[in-house]
Amino acid sequence: MNRTSRTVKLTRPLFMAVAACVVVLPLLVVVFGTFKTLPELFDAPLAPPSSPTLDNYRAAVEDGGLGAAFLNSAIVTAGAVLLTLAVASLAAFFCARMPGRVGWAVFGVLVAGLAVPAQAAIVPQYVLFDRLGLTDSLLGLVLVDTVTTLPTAVFILGGFLRTVPDELYEAAELDGASPLRAFRSLALPLIRPALATTGIFLFVMDWNDLLYPLLFVRSQENRTLPLALLDFQGEFLTRYPLLFAGVVIASAPVVVVYVLLQRQFVAGLTAGAVRG
Amino acid sequence: MSSTRSGRRRRTARALWFFPVPALALYLFFFVYPVLQAVQYSLTDWDGYSADYADVGLRNFTRLATGDDTFANAVGNNLKLTVTVVLAQTALGLLLALWLVRTTRASTLLRAVFFLPTVLSSVSVAFVWRFVYDPDGGLLNSVLRAVGLDSLQSVYLGNPDTAVFWLALTQVWFHAGQMMVVFIAGLQAIPKELYEAAELDGAGRFARFRYVTWPLVAPATAIVVAYTTVQSFKAFDLVLGLSGNPPNPALDILSTRIYTTFSNNQFGYAAAQSLVFMALIALVTRVQRRAIGRATR
Numbered sequence: 001m002n003r004t005s006r007t008v009k010l011t012r013p014l015f016m017a018v019a020a021c022v023v024v025l026p027l028l029v030v031v032f033g034t035f036k037t038l039p040e041l042f043d044a045p046l047a048p049p050s051s052p053t054l055d056n057y058r059a060a061v062e063d064g065g066l067g068a069a070f071l072n073s074a075i076v077t078a079g080a081v082l083l084t085l086a087v088a089s090l091a092a093f094f095c096a097r098m099p100g101r102v103g104w105a106v107f108g109v110l111v112a113g114l115a116v117p118a119q120a121a122i123v124p125q126y127v128l129f130d131r132l133g134l135t136d137s138l139l140g141l142v143l144v145d146t147v148t149t150l151p152t153a154v155f156i157l158g159g160f161l162r163t164v165p166d167e168l169y170e171a172a173e174l175d176g177a178s179p180l181r182a183f184r185s186l187a188l189p190l191i192r193p194a195l196a197t198t199g200i201f202l203f204v205m206d207w208n209d210l211l212y213p214l215l216f217v218r219s220q221e222n223r224t225l226p227l228a229l230l231d232f233q234g235e236f237l238t239r240y241p242l243l244f245a246g247v248v249i250a251s252a253p254v255v256v257v258y259v260l261l262q263r264q265f266v267a268g269l270t271a272g273a274v275r276g
Numbered sequence: 001m002s003s004t005r006s007g008r009r010r011r012t013a014r015a016l017w018f019f020p021v022p023a024l025a026l027y028l029f030f031f032v033y034p035v036l037q038a039v040q041y042s043l044t045d046w047d048g049y050s051a052d053y054a055d056v057g058l059r060n061f062t063r064l065a066t067g068d069d070t071f072a073n074a075v076g077n078n079l080k081l082t083v084t085v086v087l088a089q090t091a092l093g094l095l096l097a098l099w100l101v102r103t104t105r106a107s108t109l110l111r112a113v114f115f116l117p118t119v120l121s122s123v124s125v126a127f128v129w130r131f132v133y134d135p136d137g138g139l140l141n142s143v144l145r146a147v148g149l150d151s152l153q154s155v156y157l158g159n160p161d162t163a164v165f166w167l168a169l170t171q172v173w174f175h176a177g178q179m180m181v182v183f184i185a186g187l188q189a190i191p192k193e194l195y196e197a198a199e200l201d202g203a204g205r206f207a208r209f210r211y212v213t214w215p216l217v218a219p220a221t222a223i224v225v226a227y228t229t230v231q232s233f234k235a236f237d238l239v240l241g242l243s244g245n246p247p248n249p250a251l252d253i254l255s256t257r258i259y260t261t262f263s264n265n266q267f268g269y270a271a272a273q274s275l276v277f278m279a280l281i282a283l284v285t286r287v288q289r290r291a292i293g294r295a296t297r
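Note that the protein sequences, when read in sequence, are chains A and B. Those letters in the first sequence? Residues 1 to 276, per the working numbering, in order. Those letters in the second sequence? Residues 1 to 297, per the working numbering, in order.
I should point out that these hints are in silico values taken from the structure, not numbers from a laboratory. Treat the numbers as computed from the prediction; the structure is a model and nothing was measured. Mixed in with the good hints there might be a few duds.
Stated by the list, open to error - Which stretches of chain A does chain B cover? Using the computed rule of at least three CB atoms under 8 Å from a CB of chain B, they are:
1) 52-66
2) 91-102
3) 110-119
To be verified - Per label pair, the in silico range of CB-to-CB distance:
4) PRO99/A to ASP161/B: 30 to 38 Å
5) ARG205/B to PRO165/A: 24 to 32 Å
6) TYR195/B to ASP43/A: 27 to 35 Å
7) LEU46/A to TYR195/B: 52 to 60 Å
8) PHE29/B to ASP43/A: 29 to 37 Å
9) LEU114/A to ALA146/B: 26 to 34 Å
10) THR70/B to GLY133/A: 53 to 61 Å
11) ASP43/A to SER50/B: 25 to 33 Å
12) PRO165/A to ILE190/B: 28 to 36 Å
13) GLY133/A to TYR53/B: 33 to 41 Å
14) VAL39/B to VAL259/A: 22 to 30 Å
15) VAL24/A to TYR53/B: 29 to 37 Å
16) TYR195/B to THR37/A: 43 to 51 Å
17) SER51/A to THR103/B: 57 to 65 Å
Beta carbons are placed, not taken as given, at the ideal position from N, Cα and C, and that holds for glycine.
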């Protein structure tokens, strides 16, 4: 065995251990911190809480209004994910089934949005939603989240739908199936893994979105979690245990889904990255 | 017989035309139309609420190109952030992927650990790192004191010369694991025979990387670089969470600048800024694509 490979053999575990600590330690400090008082956090940030308290969670929900924000986020996310999946899979089905240039043209138009960053349109979008009375409303957030994530969803689902062989559809047509039947009972079951992947990607995007709530929402009762959390820094400045409780409440649903559906989760976020 | 069949086909095709209508309607009305309107707004001095406004031609664009220090500052910060994050995140993502590409129990666990930050929201990550960087008793300074390296203690985000690099570190912590996954997929697609052949030819570890791994992982590298670039331009939530709203000038990047201009009711000017922002991302992405093509040939 030569010298380089021995050095590599030692560097690798050392590097991995340090890198894992850099990822895990801050998160551990946060989780422990939610059960501590501020002086205790500063005294021993890495130690487990000596006399755990739930006061921080109580304050985050009661003073910080995270309960209502959690509910709003759940409504907006569920609405946007379902609406996006529905309209995107219908459109992607059209693109895959329509022979020739028309299918590709529609696909091209819908996917072109991938090249346009959300910030490019915020000013006219704000004006448009405001005129329609949709700025300070959860419905407005559902709609804007839907159009923002639509290109990615069409891109992922379109890729999968094109892999369904034409013969399957032709057989269904010969049996007299309408396009809607073919879509519902043939295409959708076949692309279920793609729907899961896309759904998880949309879930993370919509749940974590800050830009549009920040632009659109004015009243306290329409705030989503990221927005309510952002308001913490003004209200509670350096009351870290309280900020941390907010972090845990806002992250819990995503982390739980991540732990339960790890494979689909990684696939979903990676598909979101690979689209470009 | 054949005529009824083609008749049915035509009917079938007609029903199919309705499928893309909801998506196209939402997308054209709530996204494409506003993007086009941004062009129109960018040529005015509209403040967002007055009934009338003046056409100012290209004055918004000349202003942001020549007479706006806050915009120039944001461009500078953004470029520093992008270059740092792209280099660090690509290198780290590839290194982690190379070391974790083989599936063992330990590597599966480590992959899950490194991916974990990606699922958190930017505001959450920002709050975690506010405490890490807090100069008075924050995590980094406490750890440095505990191991006797007091001299390395710093004010981090409080130092305007280096703040943007601490922001870059947070961004890399946030998304390096996601890029590792893209690289792992790329590495797994490289045929093992190529490595065996290289080894038979006497290629060492470095030569195998240089002549097999690096050129063949290039498609993954291109994805990682492009995605990381766009991410660093959109680090909006992270900046607001770390630095408050409006952000500390040392951390102001293009997306936060556009938002601040918008919040100050300069709608026409903000629209001009967002168009420049869009063009800049397209330009940087194109330059990169060329550079990667050349470097991996």
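Which hints, by number, does the structure contradict?
1, 4, 5, 6, 7, 8, 9, 10, 11, 13, 14, 15, 16, 17
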